[in-house]
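The chain contents come next:
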Amino acid sequence: MAAHETYFATTKQLRIYKAKQILHNVLVYGFLTLVGIFIVIPFLYMIIASFRNPTAFDQEDAFHMFVLFPNWWNDSLLQPNYTLDNYITVFTYRGASGHSINFGLYYANTLFVSAVSTIFTIATSVLAAFAFARCEFKGKNLLFTILLATMMIPGEMMVITNYQTVKIIGWENTYSALIFVHGVSVFYIFYLRQTFQQIPNELFLAAKVDGYGHFRYLWRVMIPIASPTILTIAILSLMGAWNAYVWPNLVASGTYKNSWMFGMNEGWSMWLVSNGLMNLFSNTDTGLDHQTVRIAGSVIVTAPLFLFFLIFRKYIMRGISRSGIKG
Amino acid sequence: MSLAATSPRANFKENIRYAFSRPTPAMEREHEEMVLRSTLSVKRASRFRVGEAGKAWIALIPALIFLTFFMIYPIINSFLMSFFEKFTFVGGTNTSFVITNVIAALQNSRVKDPVFGFGNYVNVLNDNLFTKALGNTALMVVFSVPLTIIIGLLIAVALYSIKPLQGFFQTVFFLPYVTNTIALGMVFQTIFSRGGLFNAMFGLGDVAWIDVTANRWSMFFVLVVYAIWNGLAFKILVFMSGLASIDRQYYDAARIDGAKRSTILRRITIPLLSPQILYITITSFIGAFKAYTEVMSIFGGNNDFGGTTKQEWITVVGYIYTYIDSAPDRAAAGSMVLLVIILLITLVQMVVSKKRVHY
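Protein chains in written order, with this note's numbering: chain A, 1 to 327; chain B, 1 to 359.
Note that these hints are calculated values from the structure, not bench results. Just so you know, even glycine gets a beta-carbon here, dropped at the ideal spot from N, CA and C. Check each hint, because a few of them may be wrong.
As the list claims (entries may be wrong) - Simulated DEER-style distance windows between Cβ atoms:
1) 24/A - 30/B: 54 to 62 Å
2) 248/B - 169/A: 52 to 60 Å
3) 215/A - 68/B: 46 to 54 Å
4) 83/A - 204/B: 44 to 52 Å
5) 352/B - 194/A: 22 to 30 Å
6) 128/B - 24/A: 49 to 57 Å
7) 34/A - 279/B: 40 to 48 Å
8) 244/B - 311/A: 41 to 49 Å
Stated by the list, open to error - Derived coverage of chain A by chain B (criterion: at least 3 residues anywhere in the stretch with Cβ under 8 Å from a Cβ of chain B; other residues may be distant):
9) 13-22
10) 180-193
11) 219-232
12) 298-308
What the hints assert, rightly or not - Below are the BS3-like pairs computed for lysine-lysine, each with C-alpha atoms no more than 30 Å apart in a straight line:
13) 138/A - 260/B
14) 140/A - 260/B
15) 354/B - 314/A
16) 290/B - 354/B
17) 260/B - 354/B
18) 20/A - 354/B
19) 290/B - 20/A
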C-alpha cells in the first residue's frame with residue numbers, strides 16, 4: 001500500500017456521475033430554451049404578421065399562421081397572403097385632416113433629434129466630467145453631491161415645471177424643446193467622471209511639460225482614452241431619444257410653425273416615431289387601425305434599434321449593466 | 001528633497017515610518033506639481049493665464065446652465081407648487097416664469113384666501129383615482145418585481161453554468177431591452193386580442209384579455225407578463241456580470257467538499273451576488289413604480305389604461321400626466337407622493353439589506 005492512496009471512482013459511480021451531468025444539462029438547456037421561446041415569440045409573431053395580408057390575417061387562426069411554416073412557402077407562391085402592403089401603407093398614408101400622417105417624416109424628426117441631442121449631451125457631459133475629474137475648485141464636492149442627489153428625484157417632477165417653462169418661452173413644437181430641455185444628464189456626467197478619474201495623473205504632467213493646457217489635454221489625451229465610454233454614452237443617448245415618448249407627446253404634438261427647415265411652411269408634424277406609433281394606430285379616424293398595419297409600424301420602429309444592437313452589442317451591454325435606465 | 005523633510009514629525013519613530021511609507025496619491029501629486037511649478041515658473045509668469053478653478057467653471061458652465069434651468073429650478077418649483085392650492089398662472093400667460101407665479105400666489109395668500117398649505121395633498125390622497133392608481137401600481141410592483149428577479153436570477157445562474165451556446169442565449173435574452181416599449185406593447189396587444197396568438201395557442205377560444213369588456217384580473221395578467229418579458233433582460237445582464245466577478249475558488253472548494261448544486265446556489269452564489277441583488281431590487285422597485293407607457297401601449301392609446309373608463313389600470317405616473325395640464329398643482333402633489341414612496345423604498349431596502357449584503 002502506498003502512503004498516499006489515490007481514490008479511483010468505480011465504473012458505477014462514474015456512470016451515475018455522468019448520468020447526473022447529462023440530466024443537469026438537459027434541464028438547464030431545456031429551461032433556457034423555454035425562456036428563449038418566451039422571449040422570441042413576440043418578435044417572430046411581429047415579423048410574420050407584418051407581412052400578412054390584412055384579410056388573410058383576420059380570417060386565419062393565429063396559431064395556424066404562426067406555426068405552420070411550410071404553409072408560408074405555399075401561400076407566398078400561390079396566393080398573395082404575404083405582401084409588403086402593410087409597410088407601404090405605413091409610409092405612404094396621408095390623413096384627410098391635412099395633417100400629414102407620414103412615418104417618413106417621423107423618422108426624419110427622430111433621426112434629427114436623436115443625432116443633435118446626442119452631440120449636445122456628449123459635449124456638455126464631457127466638459128462637466130472633465131471639470132469634476134481633473135480640476136480642483138471650491139465647492140466641487142458640494143456641487144457634485146447636489147447633482148448626484150437629484151438622480152433620486154423622479155423625472156415627472158421636472159416634467160411638470162418644464163412643460164410650463166417650454167410653453168412660456170415659446171418652445172412648444174420646436175426641436176429645441178426636444179433636444180435641449182432634457183439633454184444634460186447627471187448620470188452621463190457621473191459615468192464619464194469615473195472613467196476620467198482612472199486616467200493616471202502622470203499623463204497630465206507629461207502633457208503639461210509638452211506645453212498642453214487643460215483643454216488641449218482633454219481634447220488630445222482624455223477623450224481618446226475615454227472613447228469607449230463616450231461611445232457607450234452616445235449609444236445610450238441615441239436609444240433614449242429613439243424611444244422617447246412622454247416628453248415629445250407633451251410638448252410636440254402639434255405642427256411646426258417656423259419654416260426654416262426644408263422650406264416647409266405648415267403641417268410639419270413634430271411627432272417622433274413612438275408618438276406616431278402610439279397615436280396614429282390607435283385612432284380609428286385615421287384608417288390605420290388595422291392590426292397588421294400597426295404591427296408593420298412596430299417593426300419599422302424596432303428595426304433600426306436591432307441593427308444598432310447587432311453592430312454595437314459590446315458597448316450597449318457594458319453601458320447598460322451600469323446604468324439601469326431605459327428611455 | 002525627500003518628502004519626509006517637508007513635513008517634520010514629532011518623534012523619530014513616526015518620522016522613519018513616514019519616510020518609508022508609500023506616499024499617498026495626494027502627496028505624489030503635490031510633489032510632482034511642486035517640481036513642475038519650479039521648472040515651468042518662467043513660462044507661467046510670462047503671460048496671463050486662467051487658473052485651474054477658472055477653467056473648471058468654464059467647462060462646467062454649459063452643463064450647469066441647462067441643469068439649473070431644466071432640473072434644479074423645476075425641482076424647487078414643483079415642490080413649491082404642490083403646496084399651492086388652485087395654482088394658476090396669476091402672472092399672466094407668456095410673460096413670466098412659473099416661479100414668479102409662485103411668489104404672486106404667496107403674496108395673494110397673505111392678503112386674501114389662504115392657498116398655501118397641504119390642500120393639494122389632502123385632495124390627492126382623498127381622490128379615488130389617485131388611491132386607485134396607488135393600489136394598481138403597488139399590485140404591479142409586488143407581483144412583477146419579485147417574479148422578474150427570481151426568474152432572472154435562475155436564468156443567469158443556468159446561463160453561467162453552460163459553455164456552448166452561452167453567447168447565443170445571452171444575446172437572445174437581451175433582445176427585449178433594445179426594443180421600443182410601445183412597439184412591443186402593441187405586439188402584445190395583438191397577441192392577447194380575442195383572435196390572437198395566445199388564445200389560439202392554448203385553445204382558449206374567444207377569451208377577452210385586454211378588451212374593454214375584459215375582466216380586471218386578466219388585464220393584470222397581461223400587464224405582469226409584459227413587465228416580466230420587458231424586464232428580464234436587464235436583470236440577467238447585471239446578474240451575469242456579478243457572477244463573473246465571483247472567485248471560482250469558492251466553487252472548487254465547495255465541489256471538493258461534495259456540496260450539492262442547490263447548496264452551492266444557496267450558500268455561495270446568492271450571498272456573493274447580494275450587492276447585485278440589492279441594486280436590482282432597488283432599481284426595479286423604483287422603475288416599476290414609474291410604470292406608464294408600458295400600460296398604455298398594452299391597451300393601445302394615449303392615456304388609455306384599459307376598461308370602459310380607460311382608467312382601470314391607471315398608474316401613479318399616469319395620474320400625474322392626466323392632471324399635468326388641467327391641475328398642475330395636483331400633479332405636483334402626486335409627484336411629491338411618488339418621490340416619498342421612492343425614498344421610502346430605497347431607505348427600507350438599505351436598512352433591511354444592511355445585515356444581509358456582503359460586499
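Evaluation of the provided hints:
{"no.": "1", "hint": "24/A - 30/B: 54 to 62 Å", "result": "58 Å, holds"}
{"no.": "2", "hint": "248/B - 169/A: 52 to 60 Å", "result": "58 Å, holds"}
{"no.": "3", "hint": "215/A - 68/B: 46 to 54 Å", "result": "23 Å, violated"}
{"no.": "4", "hint": "83/A - 204/B: 44 to 52 Å", "result": "29 Å, violated"}
{"no.": "5", "hint": "352/B - 194/A: 22 to 30 Å", "result": "28 Å, holds"}
{"no.": "6", "hint": "128/B - 24/A: 49 to 57 Å", "result": "53 Å, holds"}
{"no.": "7", "hint": "34/A - 279/B: 40 to 48 Å", "result": "27 Å, violated"}
{"no.": "8", "hint": "244/B - 311/A: 41 to 49 Å", "result": "24 Å, violated"}
{"no.": "9", "hint": "13-22", "result": "violated (count 0)"}
{"no.": "10", "hint": "180-193", "result": "holds (count 7)"}
{"no.": "11", "hint": "219-232", "result": "violated (count 0)"}
{"no.": "12", "hint": "298-308", "result": "holds (count 7)"}
{"no.": "13", "hint": "138/A - 260/B", "result": "57 Å, violated"}
{"no.": "14", "hint": "140/A - 260/B", "result": "52 Å, violated"}
{"no.": "15", "hint": "354/B - 314/A", "result": "33 Å, violated"}
{"no.": "16", "hint": "290/B - 354/B", "result": "25 Å, holds"}
{"no.": "17", "hint": "260/B - 354/B", "result": "28 Å, holds"}
{"no.": "18", "hint": "20/A - 354/B", "result": "38 Å, violated"}
{"no.": "19", "hint": "290/B - 20/A", "result": "45 Å, violated"}
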